[in-house]
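Position chain B relative to chain P; hints supplied.
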Amino acid sequence: MIKSRLSKLLLVGVMFMMSAMTIVLVGCGGEKNITVISREAGSGTRSAFEDIIGIDSGDVKASLISDKTNNVLTEVSNNINAIGYVSLGSLNDTVKPLKVGGVEATSENIVSGTYSMSRPFELVYNTQNGMTNVTAEFANFIKSSQANDIIVAEGYIPVVNDAKEYEVTTSFDSKQVLKVSGSTSVEPLFEKLFAEFESFHSDKVVLEMTANGSGTGISNATDGTVDIGMSSREIKDSEKEKVSVITLAKDGIAVVVNLDNPVSDISIESLNKIYAGEIIKFSSLTI
Amino acid sequence: MEKRLKEKAMKLIYESSAFLGIAVVVVITAFLLSMGLPSMLEIGIFEFLFGTTWNPANNEFGIFPMIVNTIIVTAFSGLIGVTIGRFTAIFICYFVGTKLKKVLMQLVQLLAGIPSVIFGFFGVQVLVPLFSTLSSSGIGYGVMTSSIILGIMILPTVISISVSSLENADKLHIEGALALGASKEQSIYNVAVPSAKTGLMSAAILGIGRAVGETMAIVMVSGNIPEFATSFFQGIRTLTGNIVLEMSYAEGLHEGALVATGLVLFVMILFVTVGLNIYKTRSGKMKKGKKIVLDKCTESSCPQYVLSRTKEKAIKAFSLGCTSVTMMSLVGIVLFVLVKGLPHLSFDFVFGAFEYGGSITLLPSIVTTLMLIGFTVMMSVPIGVMTAIFLCEYTKNDSQFVKLVRMSIETLAGIPSIIFGLFGMMFFCELMGMGYSIMAGALTLTLMNLPTIIRTTEQSILEVPQSLREASYALGVGKTTTIFRIVLPSAMGGILNGIILSIGRIVSESAVVLFTVGSTKSMPTSPMSSGISLAVYMYILAGEGLHVNEAYGAAVVLLVIVLMTNLASHFIKNFAQRKNSKI
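As you go down the protein sequences, you meet chains P and B in turn.
The numbers in the numbering used here rise by one with no breaks, and the one at position 259 of the first sequence is 259.
The numbers in the numbering used here rise by one with no breaks, and the one at position 472 of the second sequence is 759.
Any given hint might turn out to be false.
Quick list of in silico lysine to aspartate or glutamate cross-link-like pairs, DMTMM-like style, CA-CA up to 20 Å [claimed, not checked]:
| id | chain 1 | residue 1 | chain 2 | residue 2 |
| --- | --- | --- | --- | --- |
| 1 | P | Lys240 | B | Glu538 |
| 2 | P | Lys175 | B | Glu642 |
| 3 | P | Lys236 | P | Glu40 |
| 4 | P | Lys192 | B | Glu642 |
| 5 | P | Lys236 | P | Asp223 |
| 6 | P | Lys204 | B | Glu642 |
| 7 | P | Lys143 | P | Glu167 |
| 8 | P | Lys236 | B | Glu538 |
| 9 | B | Lys386 | B | Glu454 |
| 10 | P | Lys61 | B | Glu514 |
| 11 | P | Lys281 | P | Glu31 |
| 12 | P | Lys61 | B | Glu347 |
| 13 | B | Lys293 | B | Glu680 |
| 14 | P | Lys240 | P | Asp260 |
| 15 | B | Lys484 | B | Glu514 |
| 16 | P | Lys242 | B | Glu454 |
| 17 | B | Lys690 | B | Glu680 |
Below, a sample of chain P positions facing chain B; criterion: calculated Cβ distance under 7 Å [what the hints assert, rightly or not]:
| id | residue |
| --- | --- |
| 18 | Asp59 |
| 19 | Ser63 |
| 20 | Leu64 |
| 21 | Asn79 |
The hints are simulated quantities; they were obtained by calculation from the structure and are not laboratory data.
Cβ atoms here follow ideal geometry from the backbone N, Cα and C, with glycine treated the same way.
Looking at chain B on its own, in the form it has when it is part of the complex:
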C-alpha cells in the first residue's frame, strides 16, 4: 500500500512541475494583457499601433515607426542570415569531411554562445565608425549596421537547424540521383535541398524569430530615434529598443505603453511560431498525400534538373564564400576582443577588491554572475527534470494536457528575453516587492531556462534503452525507483549538458539581468541585494566611453567563460556518447 501511495505522490509531483510550465505561459500572457491592454485602450488602439509620433512627454504613444523598423531590420538581417546560413549549412554537410565538419559545427556553437552585448560592442567599435565614413549622412548607426549584426547573430540558429534537417533528408534520394548519373552538385541542389525544404524553412523562421526579439545588440547599434527608416544610415528604433531604453523610468501611461509594446512584440513572435507550426503540419501532410503531377508540367514550368557547368561552379564557390563569411565573422569578433582586451587584463582588474570611486574591478560582477548561476540552476534543474520525466515516462498516449504542456514549453522557448525582463521586473521586483535583487533575477532566468533543460533532459531520457527499464521492472522494482536508480543515471550526460547550456545562457544574458538585478557595482551581500552581472557590466562599461579598455577586458573574461562552457558541453556530450555505446 505504502509503495502505491509513494508512486502516486511522485506522479503528482511530476505532473505539477509540468503544470508549472503552462502556468508560467498563462501568467506572462495575462500580465502582458492586463498591463498592456488598458493602456492601449486609453491611448486608442489605432493611435497606438498606427500613430507615427512617440513622445511620452506629450502623451503621444505611436509605435508604428518602430513596428516598421523592426520589420525592415528583421527582413534585411533575415536575408543576410538565411542566405549565408543556408549555404554554409550546405557546404558543411556536403563539401567537407567528417572531421572538418565536427570542427566547423563546434565553431558555429561557439558563435551561438557569444553574448549579444559583445556583438553590439563589436558593431559600435568596428562597423559604426566604418559606415560613418562611408555613408552620406555621416552616421554609422541604423538599418545597415543593425542588419549585419543581427544577420551574424542568427547564423548559428539557421546553420545548426539546416544542417540537422539536411542530415535527416532521405539519403536514398541523393543516392538515387547519383546513380542516375547526376553530378554531386546537381543531386545536392536539385534533390537533397528540396527534400529538406521543411527543415530549411523552419531554420529560417526560427532565425527570423530570434532577430525580432534581439535587444541589447540592437540598442547599441541602431541609434534609437523613433522615426521611420528612410535610409540605411539613420538612427532608428525597434520595438525591443523602445522597451529597454525607457522602461526603467517610465511611469503611469508611459509604462503601460511600454508593456503594450512588449505585447505587440509577443504577438509578432507568436505569429512566427504559429506560422512555423502550421507550415510544418501542412508540408508534413503534403509529403504523405500528394505526389508531383508530372503531366501538369509544361515546357516552361518543368523543373530543370541539369545545371550548367558555370552555374555549378558558381554555386559551389558561393557556398564556400558563405562559409568563409561565417567563420570570418566569428574569428573577427573573437580576435577583435582578444587583441584589444588581453593587454588590459590584470589580476587587480579581474579579482581586485571593490572600492567606491576606486579603480574598476570585475570581482563583484563575477560573484553576482556566479550567484545568479547557482540559484537559477538550483531552481530550474529540479523543475525541468521533473517535467521531462513526466513527458517521457508518464505519457503513453498524448492527452490534451500533454499537448498543452508541450505547446507551452515551445512558446516559452520562443519568448524573447526582453519580455522575460519586463515580466520579471514588474512581477518579481515590483509586485512581489523583491526590488532589484539577485533572487528576482534568478527566478526570471529560471523561467527562461526551463525549456532548454526540459528539452535536453527529455532527449537524453528517450535515448535510455527501453530494455533497461524492462529489466528493472522484471526484478520487481517500482517505477519511481527505476526512474531514479536506472533512467536518470544513464541520462546524466544529457542533463549535465542541459545545465551547461543554460549556464552559458545565464552568463551571456543581459536584458533580463539589467531589468531584475539592476546595476549595482558593489559586492553583493545577500541573495536579496542588487548586483551587476558580467555581461551587464560590460554593457555599461562599453557605454561609458571613458572605460572602453576595461570593457574590452570584461569582454575577454566573458568570452573565456563562454568558451569554457562550450568545451565542457562538448566533452560531456562525447563522454555520454561513449558511455551509452558501452551499454
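The following block holds chain P by itself, in its conformation from the complex:
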C-alpha cells in the first residue's frame, strides 16, 4: 500500500522525535566524562594558560569553546563535570577555584611566587605612531598610587612599586577620545581605571572601548586602528617589532570546577592530561 506523501512525512517526524527521546533517556546514569572548557583561539587567557600547563594549542581536546570569560563561569556553575579557567579577578562564588599543586589561588601567593598560574596584563601601542597626548597622560596615571589602589581592590596584583600620587601633567581643553580594544579579561579593570582617570580631567576624555580578545587588541594596535590594545598574555617577540608594551598589572588564572565537585586540588601535570584528553574522568584523578 502506498501511503500519501504526507503520512510518510508524518511518520518520519514522529520517528525522529521518538528516537531523539530515546537518545536522551538512554544517556542517563554512570559517571560522565569531564566537560573540558577552553577559551577561543584569540584569547589571552587561553594562551597564558596553555603556556603554563605546557600544552600545544593544537593538542587541546576541549569539549566546549566559550568566547567570553563569563560563559565559562556559567557553564561550570551549571555542569558538575565541567572544568575551566578564568582570570582570578573575575572569579565569583558560583564556582570553586582549585588549589594548584596544593597552593591556593590568591594575590599573596602570586606575589610570593608560590602560585604558578599567573600572567601579565599588558597594554600595547603602535611604536611608530607613538602615544597620543591622552594615551601618554593615561600611561602616567596607571603608574600612580591611585591606580594601584584600584588594581588591588579589583583583585589584581600591581607591578609598580613605590608609586607616587597622580598629578595632571597635560590638561585638555577639548574632548579627547581614547580608542581601546582587546582582552575581555582586562576590560573591567580598564573601565574602573578610566573612570578614576576621567574624574581628574572633568569629562574632557572619552573612552571608546571594544572588548574582543587579546589577539584583536594587539593586531588593532599594530595597524593603528586603536590607541591602546589590551592583552592578557605576554606579548610575543614577533609582535614587539611593531608595538611597545606597558605592563598594567599581574593576574592569576584560576582553575574552576562546580561547587559540588569533590576535587579541590590539582597538579599542573593533571591539568595537562585533562586538556590533552588523557584523563577523561574526575574519579581517575585521585588514583
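Same frame as chain P, now just chain B:
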C-alpha cells in the same frame, strides 16, 4: 523640451538605483572570490574543503567537519521546522475560523520578529541545562540544542509561505473533492496539499536556506568545537560559527581562510536558491504540460484517496499538536524573557546616564540603535523605492536588464547576514578606512534591507489601480509627476510597511552590527564613532555570566520594540487596505 529632459533624467535615476542592486551583488561576490580564493589556493582547495583539522595556530585550515556539521544541523532543524511548520500551516488554513487564523498569523509574524540573540539566550538558559542533565556526556550544547533552536527559528518562514501557497491552491480542486463525497480531511490531504506542492516545497527550501545562514543563535548553543558531530550532545562548530568566532582577530592567511569559509557558505546558499528556482520552473512546466497518466497505475502504485478513520483522526490531532508546539514555543520564549526580565527593569537601567565602570545602562545602546535605524532608513528607502518604481513603471517587457535586476535582488535577499557582516567589516571598515563606526554599520544594513523595501514597495505600487494612472495621463500630466503625485501617495501604506519591517530587522540584527559597529559601551558622539546596538549588547551581557539579569532586562526591551514594530506594521496594513478599498 524641458519636460522631456526631466523625464529622461528621472528615468536615468531610477535605472541607476536599479543598477545599484546588481552592482552590490557583483561587488560582494567579487570580494568573496578575491579575498577567499587566493587563500583557498594557498591552503590547497582539497586540504581546505576536505581537511579535518582546523588549527589556525599551526596553519591548518580544514573546514570539512564544519561543512558536515552545518549539513547535519540543517537537516535536523529542517526536519523539525518543516514538519511542524507544514502541519501548522495546514491547521491554520483549514481547521480554524477566519478570526482565529488572523490572530495565529499575527503570532507567527511576532515569532519571526524575535531577534536571534534571544533565541540563543533561551537555548543557553533553558535547553542547555535541561539536556546537560539528560545526556550521557553531561554536555547540553551541540546538534540537539542547535537543531531545536534553529527548527523553531525557521518556523515562521515555513508557515507563512506554506499558508499563502495553500491559500492560492485551486479552490475548485477541494470543492470538487468535497462534491464527490470526500471527507474534509481526505480533500485536504489528498487534493489540496498535493496541488500546493510547489509552494510547500519552496517554503521548505527557504526555511532550510535560513537555517544554513543563521549565526548568532548557533554560536551560543553549539559549543564551537571544530570536530565532527558524532553524538547529539557534543560541542560542534558550524561554518557561520567559525566566521563569527575568529574573524575579529584573524590575520593574513587565517583571515583569508575565514573569508573562504564565507565563500563556501555563499555557494551553499546559492545552490539552495538556484535549486529552488529550477524546481519552481520545472514544476510549473509540469503543471501545464503533463497530465497524470492513469493507465500507468498498477494495483500497488495507484494513489489511495480514502483515508481510514483512525488515520484521519491521527493526522488532525498531529496538525493540532504541531500548531500547539509552534504557539507554545513562541509563548514560552516570550514568557521566559518577561518573567525573568521585568523585575530587573528600572528607569536607571534603561535610561540612566553612562559612566565608565558604573552600573549598566541601556541608554547608549538605544541611542546607537536609533542612529543605525535613522541612517539606514535614510539611505535604503530612496534607493529601494526608486528601484521599485523602475521595476513597476518602466518595464513593460522583461528585458535582460530587468531580469538581471530581479535576480540580483533575489540573491541579495538570500545572502545570510554573517556574509554581509564580513563584507561590511572588510569593505567599509577596513578598505574604506571607516573603522568600527555607526556609519559603516548603516551602510551594510542598507544593502541588507534593500530587498525588503524593494519587494514591499513593488507590491504596493502594483496594487495601485491602472485607471488612476490613465486618468492622470489623460489630464496631460507627465509620467514623473504622475508617479510622485498619484502612484506613490496611494502606495504609501506598503512603503511604510516595508520601512517598519526593515526597522524590525535592524533592531534584531546582531552579526552585522557586531562586525561593523563594534561593541563600544559608551555614548556615541558622532556617526563615525563606534557603538553597541541593543541586540549586540544583549549578546555580550548574556555572555558575561555576571550580568545575566541585565541581559534579561535588555531582552525585554528588545522584545517590546519588536512587538511595537509588529503592531505598527499590522495597523498600517489594515489602514492601507481600508483606504484602498475606498478607492
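How the hints compare with the structure:
| no. | hint | in the structure |
| --- | --- | --- |
| 1 | P:Lys240 - B:Glu538 | holds (16 Å) |
| 2 | P:Lys175 - B:Glu642 | holds (16 Å) |
| 3 | P:Lys236 - P:Glu40 | holds (18 Å) |
| 4 | P:Lys192 - B:Glu642 | holds (10 Å) |
| 5 | P:Lys236 - P:Asp223 | holds (16 Å) |
| 6 | P:Lys204 - B:Glu642 | holds (13 Å) |
| 7 | P:Lys143 - P:Glu167 | holds (11 Å) |
| 8 | P:Lys236 - B:Glu538 | holds (15 Å) |
| 9 | B:Lys386 - B:Glu454 | holds (16 Å) |
| 10 | P:Lys61 - B:Glu514 | holds (10 Å) |
| 11 | P:Lys281 - P:Glu31 | holds (8 Å) |
| 12 | P:Lys61 - B:Glu347 | holds (16 Å) |
| 13 | B:Lys293 - B:Glu680 | holds (16 Å) |
| 14 | P:Lys240 - P:Asp260 | violated (44 Å) |
| 15 | B:Lys484 - B:Glu514 | violated (37 Å) |
| 16 | P:Lys242 - B:Glu454 | violated (64 Å) |
| 17 | B:Lys690 - B:Glu680 | holds (15 Å) |
| 18 | Asp59 | violated (9 Å) |
| 19 | Ser63 | holds (5 Å) |
| 20 | Leu64 | holds (5 Å) |
| 21 | Asn79 | holds (6 Å) |
In the structure shown, a violation is registered for the earlier hints numbered 14, 15, 16 and 18, in ascending order.
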